[in-house]
Amino acid sequence: MPQNQFWNLLAKKFAGEITPSEVEELDILVRQNPDLLFTAQHIQDLWELKQKPNNASAEEAFAKHLTRIEQSADWPGHYPESSSPEKISSPTRKKKIFAFASLIAITALAFYFFTPLTNSAPVAEAHVTEISTKAGSRTKMVLPDSSVVWLNAGSKISYNPNFGIGKREVQLSGEAFFDVQHSSVPFYLNTGNIKIKVLGTAFNVKGYPNEKTVETSLVRGSLEITSPSRPGEKFILKPNEKLVILNQSSRTKTNQAKKQNIVILSELTLTTDSTIIETAWVQNQLIFHDETFEAVARKMERWYNVRIDIKDENLGQKKVGGGPFENETVEQALNALRLAFNFNFTKNENTIVITR
Numbered sequence: 001m002p003q004n005q006f007w008n009l010l011a012k013k014f015a016g017e018i019t020p021s022e023v024e025e026l027d028i029l030v031r032q033n034p035d036l037l038f039t040a041q042h043i044q045d046l047w048e049l050k051q052k053p054n055n056a057s058a059e060e061a062f063a064k065h066l067t068r069i070e071q072s073a074d075w076p077g078h079y080p081e082s083s084s085p086e087k088i089s090s091p092t093r094k095k096k097i098f099a100f101a102s103l104i105a106i107t108a109l110a111f112y113f114f115t116p117l118t119n120s121a122p123v124a125e126a127h128v129t130e131i132s133t134k135a136g137s138r139t140k141m142v143l144p145d146s147s148v149v150w151l152n153a154g155s156k157i158s159y160n161p162n163f164g165i166g167k168r169e170v171q172l173s174g175e176a177f178f179d180v181q182h183s184s185v186p187f188y189l190n191t192g193n194i195k196i197k198v199l200g201t202a203f204n205v206k207g208y209p210n211e212k213t214v215e216t217s218l219v220r221g222s223l224e225i226t227s228p229s230r231p232g233e234k235f236i237l238k239p240n241e242k243l244v245i246l247n248q249s250s251r252t253k254t255n256q257a258k259k260q261n262i263v264i265l266s267e268l269t270l271t272t273d274s275t276i277i278e279t280a281w282v283q284n285q286l287i288f289h290d291e292t293f294e295a296v297a298r299k300m301e302r303w304y305n306v307r308i309d310i311k312d313e314n315l316g317q318k319k320v321g322g323g324p325f326e327n328e329t330v331e332q333a334l335n336a337l338r339l340a341f342n343f344n345f346t347k348n349e350n351t352i353v354i355t356r
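The sequence shown begins at 1 in the working numbering and counts up one residue at a time.
Do not take every clue at face value.
Cβ-Cβ distance ranges computed for the label pairs, FRET-style [as the list claims (entries may be wrong)]: (1) Ile165 / Lys347: 42 to 52 Å; (2) Gly200 / Gln171: 14 to 24 Å; (3) Asn190 / Glu267: 24 to 34 Å; (4) Gln332 / Thr275: 17 to 27 Å; (5) Val23 / Asp290: 47 to 57 Å; (6) Met141 / Val23: 19 to 29 Å; (7) Thr269 / Glu22: 45 to 55 Å; (8) Thr351 / Glu130: 22 to 32 Å.
Just so you know, these hints were derived from the structure itself, not from any lab.
All of these numbers come straight from a predicted model, not from anything done at the bench.
Glycine included, every Cβ here is placed at the ideal spot set by N, Cα and C.
Assemble the whole structure, with the sequences as input and the hints as a guide.
Shown next as structure tokens:
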């Protein structure tokens, strides 16, 4: 792959001097080499950062190291005489291209000289990529390694700039379905309560902080799962298996809590038309199966962006099933549920109160 051409085109893009045909060529290079997507995104983040004024000492330190890098034949902005990019005659364009080259240098030196960019956080925190969804919405995204992630309502995923270098590591809060691109670089997923290691697979993880359990459902491939609650143990999931682990925040020191199953291994749940209930939300289907009304209410809150208050504790622990709901409103879904389960509800703006 012509690395020099990639840097040349990217420099022109940031300088505002790239032609439509060059934009198409740059897109082709990135599609053919997905690892370049991370580099381009990272440099764009740096490009958009605003440096604070009156920071002469930091600028002087950076200038010295930039000079050293420019003298090295290994840095991405250096071109040998035989393959140097086309000359830029305009002084303004020269400044823009030099500014872009500086960003490449910053990428290499960020961990050592991040102070000139911000005084509030180290680089690993400042450049973390984070994608989140609000209640009532879902989204699909592609990671720098071409792995595909579907993010459910009220969820958040984040990863560091070094994603793909040595290992691929992602943090999740909430629920997501992953279709991980096969690679020799290990893929790790952390929820705070479990850590999952994969090489290439498709699976669903539900780990909302305010829920009692963390669920991992495997559709394809294999998973290795560890948990702080079971130190020294590894759980290997096979296709069509689900692992449910009690959320650490839900545990108490009472005798009742000690009797609870910390780990449950079971098969995935299928509907009559072979839909996998654990991943139905990816197809925009909301399905309940043998869940407490309290758990169903939490799902509906995220799905419809409402607040549901169950006034009867016994009703909250009643097992509920129903669906699939796709285009129904929250009122229509509740009316369908109460045909089989005895309850009443009232809705006032964004709040729903459920009673006997």
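Here is what the structure says about each hint:
1. A hinted range of 42 to 52 Å holds for the C-beta pair Ile165 and Lys347, which are about 50 Å apart.
2. Under the hint 14 to 24 Å, the C-beta atoms of Gly200 and Gln171, about 20 Å apart, fit the expected range.
3. At roughly 25 Å, the beta carbons of Asn190 and Glu267 sit within the given window of 24 to 34 Å.
4. Range check, Gln332 to Thr275: Cβ separation about 20 Å, and the 17 to 27 Å hint holds.
5. Separated by about 53 Å at the C-beta atoms, Val23 and Asp290 satisfy the suggested range of 47 to 57 Å.
6. In this structure, Met141 and Val23 meet the distance hint of 19 to 29 Å, their C-beta atoms being roughly 23 Å apart.
7. A C-beta distance of roughly 51 Å is found between Thr269 and Glu22, which places it inside the suggested range of 45 to 55 Å.
8. About 29 Å separates the C-beta atoms of Thr351 and Glu130, a value consistent with the hinted range of 22 to 32 Å.
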